[in-house]
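2 protein chains.
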Amino acid sequence: MRLRRTHTCGALRESDIGTSVILNGWVGSYRDHGGVTFIDLYDRWGMTQIVFDPEFSSEAHTIAHTLRNQFTIAIRGEVRRRPEGMENPSIETGELDVYVREFELLNTSKTTPFDVLHTSSVHAETRLKYRYLDLRNPELQKKMIFRSRAASLIRSYLTELEFVEVETPILGRSTPEGARDYLVPSRVNPGKFYALPQSPQLYKQALMVSGFDRYFQIAKCFRDEDLRADRQPEFTQVDLEMSFINSDDIMGLLEGLFSTLMRELKGVELQLPLPRISYQEAMLRYGSDAPDLRFGLEITDITDILAQTGFGVFRRAIDQGGCVRAINLKGYSEELTRKDLDAMTPFVKPYRGKGVAWIRMNESGPQSPIIKFFSEEEAQHLYERMDAQVGDVIIFLADTQKIVCNCLAALRTHFAKRLKLIRDDAFAFTWVVDFPLFEKDDDGNPTPVHHPFTAPKAEELHKLDQSPEDVISIISDAYDLVLNGSEIGGGSIRIHDHATQQKIFSLLGIDEQEAKEKFGFLLDALQYGAPPHGGLALGLDRIMMLLLGTDSIRDVIAFPKTQKATDMMTEAPNQVSEEQLEELSIEVFLMDDDEDE
Amino acid sequence: MRLRRTHTCGALRESDIGTSVILNGWVGSYRDHGGVTFIDLYDRWGMTQIVFDPEFSSEAHTIAHTLRNQFTIAIRGEVRRRPEGMENPSIETGELDVYVREFELLNTSKTTPFDVLHTSSVHAETRLKYRYLDLRNPELQKKMIFRSRAASLIRSYLTELEFVEVETPILGRSTPEGARDYLVPSRVNPGKFYALPQSPQLYKQALMVSGFDRYFQIAKCFRDEDLRADRQPEFTQVDLEMSFINSDDIMGLLEGLFSTLMRELKGVELQLPLPRISYQEAMLRYGSDAPDLRFGLEITDITDILAQTGFGVFRRAIDQGGCVRAINLKGYSEELTRKDLDAMTPFVKPYRGKGVAWIRMNESGPQSPIIKFFSEEEAQHLYERMDAQVGDVIIFLADTQKIVCNCLAALRTHFAKRLKLIRDDAFAFTWVVDFPLFEKDDDGNPTPVHHPFTAPKAEELHKLDQSPEDVISIISDAYDLVLNGSEIGGGSIRIHDHATQQKIFSLLGIDEQEAKEKFGFLLDALQYGAPPHGGLALGLDRIMMLLLGTDSIRDVIAFPKTQKATDMMTEAPNQVSEEQLEELSIEVFLMDDDEDE
Numbered sequence: 000m001r002l003r004r005t006h007t008c009g010a011l012r013e014s015d016i017g018t019s020v021i022l023n024g025w026v027g028s029y030r031d032h033g034g035v036t037f038i039d040l041y042d043r044w045g046m047t048q049i050v051f052d053p054e055f056s057s058e059a060h061t062i063a064h065t066l067r068n069q070f071t072i073a074i075r076g077e078v079r080r081r082p083e084g085m086e087n088p089s090i091e092t093g094e095l096d097v098y099v100r101e102f103e104l105l106n107t108s109k110t111t112p113f114d115v116l117h118t119s120s121v122h123a124e125t126r127l128k129y130r131y132l133d134l135r136n137p138e139l140q141k142k143m144i145f146r147s148r149a150a151s152l153i154r155s156y157l158t159e160l161e162f163v164e165v166e167t168p169i170l171g172r173s174t175p176e177g178a179r180d181y182l183v184p185s186r187v188n189p190g191k192f193y194a195l196p197q198s199p200q201l202y203k204q205a206l207m208v209s210g211f212d213r214y215f216q217i218a219k220c221f222r223d224e225d226l227r228a229d230r231q232p233e234f235t236q237v238d239l240e241m242s243f244i245n246s247d248d249i250m251g252l253l254e255g256l257f258s259t260l261m262r263e264l265k266g267v268e269l270q271l272p273l274p275r276i277s278y279q280e281a282m283l284r285y286g287s288d289a290p291d292l293r294f295g296l297e298i299t300d301i302t303d304i305l306a307q308t309g310f311g312v313f314r315r316a317i318d319q320g321g322c323v324r325a326i327n328l329k330g331y332s333e334e335l336t337r338k339d340l341d342a343m344t345p346f347v348k349p350y351r352g353k354g355v356a357w358i359r360m361n362e363s364g365p366q367s368p369i370i371k372f373f374s375e376e377e378a379q380h381l382y383e384r385m386d387a388q389v390g391d392v393i394i395f396l397a398d399t400q401k402i403v404c405n406c407l408a409a410l411r412t413h414f415a416k417r418l419k420l421i422r423d424d425a426f427a428f429t430w431v432v433d434f435p436l437f438e439k440d441d442d443g444n445p446t447p448v449h450h451p452f453t454a455p456k457a458e459e460l461h462k463l464d465q466s467p468e469d470v471i472s473i474i475s476d477a478y479d480l481v482l483n484g485s486e487i488g489g490g491s492i493r494i495h496d497h498a499t500q501q502k503i504f505s506l507l508g509i510d511e512q513e514a515k516e517k518f519g520f521l522l523d524a525l526q527y528g529a530p531p532h533g534g535l536a537l538g539l540d541r542i543m544m545l546l547l548g549t550d551s552i553r554d555v556i557a558f559p560k561t562q563k564a565t566d567m568m569t570e571a572p573n574q575v576s577e578e579q580l581e582e583l584s585i586e587v588f589l590m591d592d593d594e595d596e
Numbered sequence: 000m001r002l003r004r005t006h007t008c009g010a011l012r013e014s015d016i017g018t019s020v021i022l023n024g025w026v027g028s029y030r031d032h033g034g035v036t037f038i039d040l041y042d043r044w045g046m047t048q049i050v051f052d053p054e055f056s057s058e059a060h061t062i063a064h065t066l067r068n069q070f071t072i073a074i075r076g077e078v079r080r081r082p083e084g085m086e087n088p089s090i091e092t093g094e095l096d097v098y099v100r101e102f103e104l105l106n107t108s109k110t111t112p113f114d115v116l117h118t119s120s121v122h123a124e125t126r127l128k129y130r131y132l133d134l135r136n137p138e139l140q141k142k143m144i145f146r147s148r149a150a151s152l153i154r155s156y157l158t159e160l161e162f163v164e165v166e167t168p169i170l171g172r173s174t175p176e177g178a179r180d181y182l183v184p185s186r187v188n189p190g191k192f193y194a195l196p197q198s199p200q201l202y203k204q205a206l207m208v209s210g211f212d213r214y215f216q217i218a219k220c221f222r223d224e225d226l227r228a229d230r231q232p233e234f235t236q237v238d239l240e241m242s243f244i245n246s247d248d249i250m251g252l253l254e255g256l257f258s259t260l261m262r263e264l265k266g267v268e269l270q271l272p273l274p275r276i277s278y279q280e281a282m283l284r285y286g287s288d289a290p291d292l293r294f295g296l297e298i299t300d301i302t303d304i305l306a307q308t309g310f311g312v313f314r315r316a317i318d319q320g321g322c323v324r325a326i327n328l329k330g331y332s333e334e335l336t337r338k339d340l341d342a343m344t345p346f347v348k349p350y351r352g353k354g355v356a357w358i359r360m361n362e363s364g365p366q367s368p369i370i371k372f373f374s375e376e377e378a379q380h381l382y383e384r385m386d387a388q389v390g391d392v393i394i395f396l397a398d399t400q401k402i403v404c405n406c407l408a409a410l411r412t413h414f415a416k417r418l419k420l421i422r423d424d425a426f427a428f429t430w431v432v433d434f435p436l437f438e439k440d441d442d443g444n445p446t447p448v449h450h451p452f453t454a455p456k457a458e459e460l461h462k463l464d465q466s467p468e469d470v471i472s473i474i475s476d477a478y479d480l481v482l483n484g485s486e487i488g489g490g491s492i493r494i495h496d497h498a499t500q501q502k503i504f505s506l507l508g509i510d511e512q513e514a515k516e517k518f519g520f521l522l523d524a525l526q527y528g529a530p531p532h533g534g535l536a537l538g539l540d541r542i543m544m545l546l547l548g549t550d551s552i553r554d555v556i557a558f559p560k561t562q563k564a565t566d567m568m569t570e571a572p573n574q575v576s577e578e579q580l581e582e583l584s585i586e587v588f589l590m591d592d593d594e595d596e
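In order, the protein sequence lines correspond to chains H and W. Once you know that position 540 of the first sequence is 539 in numbering that gives the first Met the number 0, the rest is easy, because the numbers rise by one and skip nothing. Once you know that position 321 of the second sequence is 320 in numbering that gives the first Met the number 0, the rest is easy, because the numbers rise by one and skip nothing.
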């Protein structure tokens with residue numbers, strides 16, 4: 000390289016006018032006006048218009064005509080003010096041109112398979128195959144830089160608070176708990192396998208037993224699950240754990256962290272403390288343990304009002320232990336057509352809902368296919384409870400609690416979008432707390448809602464020794480952080496004393512052998528002065544998606560996998576040699592005629 | 000937790016005397032003096048002596064007697080000045096005691112399998128099995144905290160310079176190049192495998208093609224090699240890459256980085272620029288491409304002097320294209336016994352040396368078993384060249400260049416230790432530059448010294464089109480960073496234009512098919528406006544070992560593997576279920592009766 004840049008392509012300002020500068024970058028667009036060639040030269044930092052003018056440099060024209068899109072070039076030139084009316088106020092260098100005096104070709108480029116400056120309509124697989132070109136798109140590049148900045152802010156914040164970043168192993172142990180592990184055959188221990196970690200949970204608890212007191216890690220985690228649109232086989236967690244603390248400390252820490260992130264990354268002042276809502280209240284009011292608080296449309300329970308109703312569908316649901324709940328789409332009667340309302344029933348089908356009833360509060364009185372089944376008193380109670388006024392639409396579901404919650408949660412989101420209740424720049428954080436410690440499995444036995452190291456709340460501890468009903472009602476000291484209806488993090492205070500842990504295991508029907516197999520050394524570790532501790536893990540990929548306002552996880556991961564878990568660019572996974580497999584003491588067996596692949 | 004700490008165990012100072020404080024921590028040592036119990040309470044930050052005095056608190060005595068080593072406790076107490084003569088100046092809280100008023104037991108502890116405050120003589124495997132207790136040892140803990148701090152400084156330095164940290168995939172592609180890969184069977188692509196990355200090399204070059212311009216990552220890398228004492232299956236690299244730069248830029252950047260690290264971590268002002276030594280000169284003067292510059296004992300070539308010698312052993316080596324080289328152990332004649340000198344020949348055996356000759360420069364004249372074979376002229380020339388004076392010992396080796404280098408390099412280090420020439424706090428950095436691009440393989444064909452993307456120096460490019468001798472003499476634009484005789488990092492300017500890359504492949508006899516298989520997308524990527532770029536990777540584990548002055552890589556990795564690549568704490572790798580293997584379309588086959596394991 001002869002011409003090494005003095006400025007990046009985003010750096011020049013008015014004060015540079017008249018100076019000689021060197022720029023390096025890529026040829027973006029290209030325009031010829033009467034023998035003078037204008038080129039958008041760009042790099043990571045921005046774009047500067049450079050001008051090849053035969054009056055300024057004799058070879059300019061000849062050179063300019065050899066240039067093609069995405070050539071890499073270096074130029075020396077003079078910074079000039081653009082002629083009046085030619086400025087581009089949308090970019091920071093938009094008042095300037097650089098007139099080229101000297102030129103160096105750094106590299107040519109074949110015609111790219113797509114226009115790297117306009118990729119939105121390019122087929123996803125093509126973009127992934129040529130990811131190195133896809134990432135040359137400034138918008139996508141900015142997202143990766145945003146992510147890097149976020150990670151840097153997170154690290155600074157935690158480091159400032161004396162958190163120690165510890166790298167935990169990627170080659171770990173397979174445990175029968177949780178999702179499917181990615182396995183790695185061990186060559187030197189034939190027949191044995193490592194597992195890639197689903198989370199550093201056991202290691203971070205070990206570090207607390209060691210006395211590290213404040214640990215964090217931005218950690219790669221792995222789950223071999225069938226992929227959904229927003230899942231990847233490897234994902235990144237901001238993992239942290241603290242000792243000698245309670246859940247308020249962890250929540251306070253995280254609030255400070257998100258306050259910093261929102262300020263630095265989005266220019267938003269977060270109002271602290273963040274709201275806290277109990278699991279039970281979240282399920283009741285929003286139908287979800289990850290409620291979206293960017294809009295209202297809250298759910299109201301009306302089971303008590305209709306306990307004796309003559310309306311068979313509702314009555315049967317209630318008699319079978321279910322519930323009736325409703326949402327008042329307040330003031331939206333005019334905006335919602337009959338079609339909107341009729342579409343609700345098919346909409347809730349995937350959530351196992353059998354139907355959605357509605358009442359429109361017209362000037363002329365309530366209009367509804369079901370109103371006739373209610374007694375006058377029931378109707379009056381209902382209007383009161385729902386604060387029903389002219390212009391409202393009330394929608395109803397009756398079913399098991401679970402189905403009602405799922406359907407109404409989905410309808411909430413559906414109508415929020417339909418009615419445009421969600422502002423693009425709204426960020427609604429909330430904690431969800433007071434999760435139950437156990438839920439009943441299919442056989443009616445308690446099974447942990449989180450993992451069996453989650454501590455019960457201190458005031459609930461005594462229930463461990465009481466009746467099965469008391470046990471199932473135990474509230475845990477767990478907390479989830481929710482942003483815009485997505486869980487972005489979850490954690491808990493852990494059990495740190497052996498006696499409580501034993502009680503939990505015995506309630507769960509886990510014997511010593513099984514506990515040892517599943518949780519290994521940690522049970523031992525708790526017996527050597529384990530301190531009170533707790534922590535949390537944040538899903539960094541999800542958080543980036545939410546802060547960047549993108550629905551695609553591929554927008555926040557530099558080299559993502561497809562939904563078939565393949566890397567289109569490197570063509571991984573691939574076939575390996577027989578010798579490699581032999582060394583690992585494994586053989587491939589393929590079920591059908593896949594062998595010919 | 001009722002008693003939540005107001006201070007850590009390392010925080011109290013004189014100014015706190017008279018105040019009431021709460022401390023949380025572990026019971027270290029324990030001493031009873033006439034009914035008053037003194038306990039060293041410690042945590043990550045330090046140690047404070049707490050006093051259970053029956054005159055101060057009535058229950059004190061009763062409680063103190065229930066406490067055992069490594070119990071976790073919380074206390075509220077009054078800070079007092081220690082009685083005169085009882086201070087402990089070696090710790091920062093050594094002037095103070097805390098008299099306990101209130102007590103909370105946070106956890107008990109079984110008797111630990113070893114004294115966590117004194118682990119140096121504990122069996123390595125026991126420490127690894129109970130790593131969570133091993134890590135409670137303050138010295139080991141400090142090493143992990145040091146590492147965290149180093150990583151944080153590295154990130155800050157690079158982030159400040161607008162480097163973007165990008166996470167590259169752990170589930171990558173197996174390539175036939177390089178060391179043995181760790182493989183991961185793909186469930187959804189039966190018969191195919193991911194490989195864990197040996198380095199992010201291809202991805203970081205892709206990022207340069209994308210225009211990220213400045214990339215870094217503190218990246219986990221993996222090599223399934225037979226482990227040596229200082230190797231681990233997974234290790235950490237500080238990986239970086241830049242565009243539109245030359246090798247001076249990279250070296251300058253790294254010098255700034257290490258200047259910061261040495262200042263912040265070790266209080267050492269590094270003198271910049273760091274020395275640079277060519278590969279050839281390093282081999283000649285130090286016998287190694289990773290020379291230890293903490294001491295002299297340089298090697299001198301004397302082949303020319305002895306070209307016609309009558310001493311058969313030397314003459315034969317020279318006639319066969321070898322060399323004779325010597326080190327003057329200047330002034331150490333008295334310190335070195337005959338035994339030292341006789342021990343040299345067995346010492347060089349592992350390096351394939353056949354023998355080491357010596358001359359002692361006594362007052363009474365040179366003494367040596369070989370001096371009689373030299374002519375007077377040869378001897379005189381030799382004394383002159385070696386600056387031989389009374390009190391010196393000169394040692395000699397004659398053999399192929401490779402063997403001479405290896406043996407003399409080993410002897411240099413051996414005598415530096417034997418003669419105590421290495422100061423504990425010495426840090427000698429050097430760049431080694433001007434590596435050859437190729438070396439000859441066993442068939443005499445060129446093979447890359449680094450990888451085939453390493454660029455030749457610009458002024459050497461023309462040689463690519465010349466004779467095989469010219470080709471083999473090409474100097475590359477690669478650079479290694481060496482600290483105290485260990486390579487801690489290496490990198491190069493990469494080839495960024497397709498034509499040069501094609502020439503290199505053709506010289507290496509790599510056809511298109513093979514290139515595609517080995518390097519995949521990168522060859523394509525270079526054809527789409529790849530910018531000039533280069534970078535470097537640092538071995539973080541090694542650097543930590545050197546800065547912390549430890550010989551054991553286990554001192555710088557929280558959860559290391561044994562030399563059999565097992566994790567003693569989690570018992571990984573382990574056997575997995577048949578169902579797991581079936582899902583992955585693989586079977587284990589064990590050669591002999593290992594199946595019974």
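Do not rely on the hints blindly, as some may be mistaken.
No copy labels: a pair is met if it fits in one copy or bridges any two.
What the hints assert, rightly or not - Listed next, the in silico EDC-like pairs over lysine to aspartate or glutamate satisfying Cα-Cα at most 20 Å (straight line):
{"hint": "1", "residue 1": "LYS563", "residue 2": "GLU124"}
{"hint": "2", "residue 1": "LYS265", "residue 2": "GLU570"}
{"hint": "3", "residue 1": "LYS128", "residue 2": "GLU516"}
Because the hints were derived from the structure by calculation, they are not lab data.
Going down the list of hints, with the structure as the test:
no. : hint              : in the structure
1   : LYS563 <-> GLU124 : within (12 Å within a copy, 42 Å between copies)
2   : LYS265 <-> GLU570 : neither (36 Å within a copy, 45 Å between copies)
3   : LYS128 <-> GLU516 : between (42 Å within a copy, 16 Å between copies)
In this structure, only the earlier hint numbered 2 is contradicted, and the remaining ones agree with it.
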